[in-house]
Amino acid sequence: MRANCWYGKTQMRVEEVPDPQILNQRDAIIKVTSTAICGSDLHLYNGFIPTMHKGDILGHEFMGEVVEVGREVTNLKVGDRVVVPFPIACGNCFFCQQQMFSLCENSNPNAWMAEKMFGHAGAGLFGYSHLTGGYAGGQAEYARVPFADVGPTKVPDHLSDEQVLFLSDIFPTGYMGAEMCDIKPGDTIAIWGCGPVGQFSIRSAFLLGAERVVAIDRVPERLQMAEEGGAETINYEEQSVYDALMDMTGGRGPDACIDDVGMEAHVPGIAHAYDRVKQAMMLETDRPHALREAIMCCRNGGTISVIGVYGGVIDKFPMGSVMNRALTIKTGQAHVQRYMKPLLQMIENGDIDPSFVVTHTMSLEEAPAAYDMFNNKKDNCIKVVLKPDGNGIGAAVKDDSYGVH
Amino acid sequence: MPTKPQAAKIDRGDGSLANDLPRVSSSSEATNYSNGHARRGLPATSAKRLAKGLGWFSVGLGLTELLAPRAIARISGVSNAHTGLIRLYGLRELASGIAIFAQEKPAEAMWSRVAGDGLDLVSLSIACTAPDAKRGRITFATANVLAVTALDVICAKQLSNGNQGIHAKGTCVVNRTPEEVYTFWSNFENLPRFMRHLESVEDLGDGRSRWAAKGPAGMKVEWDATIVADVPGEVITWRSLENSDVDNAGAVRFERAAGGRGTIVKVNIEYNPIAGVIGATVAKLFGEEPGQQLDDDLRRFKQVMEVGEIVVSDATLLGTGYMDQRPGRPAAASELEEAEALPSQNLTNYQAEGRTMQR
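Same order as they appear, the protein sequences are chains A and B.
Be aware that the first sequence starts at 1, since it is given in my numbering, and climbs by one per residue.
Be aware that the second sequence starts at 1001, since it is given in my numbering, and climbs by one per residue.
No lab work stands behind these hints, which were simulated from the structure alone.
Note that this is a predicted model, so its numbers are computed, not measured.
Be a bit skeptical, because a hint or two may be false.
Stated by the list, open to error - The list that follows gives simulated cross-link-like pairs (lysine-lysine, BS3-like), each with its CA atoms no further than 27 Å apart:
id : chain 1 : residue 1 : chain 2 : residue 2
1  : B       : Lys1134   : A       : Lys116
2  : A       : Lys154    : A       : Lys31
3  : B       : Lys1048   : A       : Lys116
4  : B       : Lys1157   : B       : Lys1266
As the list claims (entries may be wrong) - Across the chosen pairs, the derived CB separations fall in these ranges:
id : chain 1 : residue 1 : chain 2 : residue 2 : range
5  : B       : Ala1332   : A       : Gly312    : 30 to 40 Å
6  : B       : Ala1115   : A       : Gly8      : 52 to 62 Å
7  : A       : Ala369    : B       : Gln1103   : 47 to 57 Å
Where is the CB? At the ideal position from N, CA and C, for every residue including glycine.
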């Protein structure tokens, strides 16, 4: 089959690889109909995540048709149309039984690597380095899905791929980012980052009862998409984020702040240069500017929700501000399995149409160009969907409603 | 069901009572299986402690030589003209010291100290021939270096002694009751399913079993073992019989986790290879990091107990070690042949027992 493989920093190749096989009895093989490039794939593309091996297949947002199931998989049959969640979860361990699927204890056979880095290991993930298990990803014609009796969710035929594909990651991730804010009616939520996850956080915050959402970015088309989702916006290259937020909230600050940016934050001026240099010298692995700013802006007693991906260590972390002002920090890789069915219901009800975020649909063969375009935000790119079977490329997928109906 | 750890009291062996009391700390003496291995010389931990002391000595002397070479020259009776050389030796001392702290079992670093001692002694004897040599001080310094050299040699020899055995301990939490976990473990024929170094265990009846382990280059090591203690739901200990090629013992304890959240499994394993070819083979069974390998075994044990089979990814088809990793992409048919038996080709434990998975 054809698959998009990593060969080093910004080096991607679509090449012929062996077809996947059933390796465990709870596996299924999926023929991928749609797969997306995630903002977190760019951390791999830019070489910020360790334990990548040449030839690794990337991709953790995918869906398709079941073509083979292992003996223990009784809930799926060949021909079912399913969306696959990006964390791999066994459903049997302590954490799975607490619905904390991204912390599954059994799905990462390379857990020892993550234990050395993080103290404890999280779940295995598709196509996301060896410290999360070394599983082949979904940017391919076929993918092996372990624990297919726990993860994949069947989706109805009347919904298009673009409407349900993002149940694999960015919709539940954006939603969990908003849910961790414990939103109360009347709350003002500030959101750093208007990439695809940020866009879903904006809409989820409203769905969860926020009165005002303030979205922060610098890319005009992303800010526009945020406004179309109902958010007020701050372009951090044009004004001080802190001053603007204080102005909007009478000096108190937003009730909760979501970091939808993660380890590769940009910020104008000297602070960015400082973090770039420290990151290049391996003195810190992540550039935490958005997180620092979110902490300083949040109101006393408020919540910081960190759903953007961090990989290692940061410095100049304003712990004094967190402690003295009684902030709560909540974090985590999304427990996608927990959210798939309720969010699918919202899509079916017409509460939200996730396809608004798609700006480009391309063939799998074009994956390297798509990464370059997405990474450099060329051609107003916000979200790329790849079609391994070539169907649906160039189809009009964008509607004008921008999400919340 | 008592929840407090108890020493096992059942003796099914040949007279020696085993208990599985865990070691006091990771670096202290090995689990006591009561079969009394005589050990020559210093116990491993004393050698390590001595090495650490000598490491601090290296760092202290190294820093002094670097920062105050004149004082060193004065004390040892060497000419002030050699302060450059003394600084160089200071660097060497520092490097040895750091190497000692950097290694878990710093045998090489200790031998490098011995080599350094040799260099010091040669330098002192050369200094002695100088016309302005202060022989009394040089003799005093030489005596001191000789004393340290003796300590270094003893410590280095102890640390390089291959006959100290391999000890590993590990723990995990399994989301099953102590009775279920005990039942699975007490059938020793299950152990090779998750213990990577084992090829097979055959139950010979009457508490006895025949074990076969995989050695390097296709070698096979076999021994017979007997159960020493067996308290259902709590503890099992076993050890090899007399006249085995490999003198070894193991203990596993099952404790109900707080809040009824499954079972805490604690394992201690000890191999005391007899010297010779088989001994060297056995030393390699557990590789460089026996603790890491046992942790991996226990992770697989947990998977078998909770999931029903060992979980494999594309990267770990050949093993989970760093050197075993293959790319995260499907394997070709030829590669799959090299892989260990795939779970998809075997019946799961649950299927074998005619049960279905609980979800």
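Taking the hints in turn, this is what the structure says about them:
1. Distance restraint check for Lys1134/B and Lys116/A: the Cα-Cα separation of roughly 54 Å exceeds the 27 Å cut-off, and the hinted pair is therefore not satisfied.
2. A C-alpha spacing of about 14 Å is found between Lys154/A and Lys31/A, which places the hinted pair at or below 27 Å, so the restraint holds.
3. At roughly 24 Å between alpha-carbon atoms, Lys1048/B and Lys116/A fall within 27 Å of each other, so this suggested pair holds.
4. For the hint linking Lys1157/B to Lys1266/B, the alpha-carbon distance of about 32 Å lies beyond 27 Å, and the restraint is violated.
5. Range check, Ala1332/B to Gly312/A: Cβ separation about 34 Å, and the 30 to 40 Å hint holds.
6. Look at Ala1115/B against Gly8/A: about 41 Å separates their beta carbons, and that is not inside 52 to 62 Å.
7. For Ala369/A and Gln1103/B, the hinted distance range of 47 to 57 Å is satisfied, since their beta carbons lie about 49 Å from each other.
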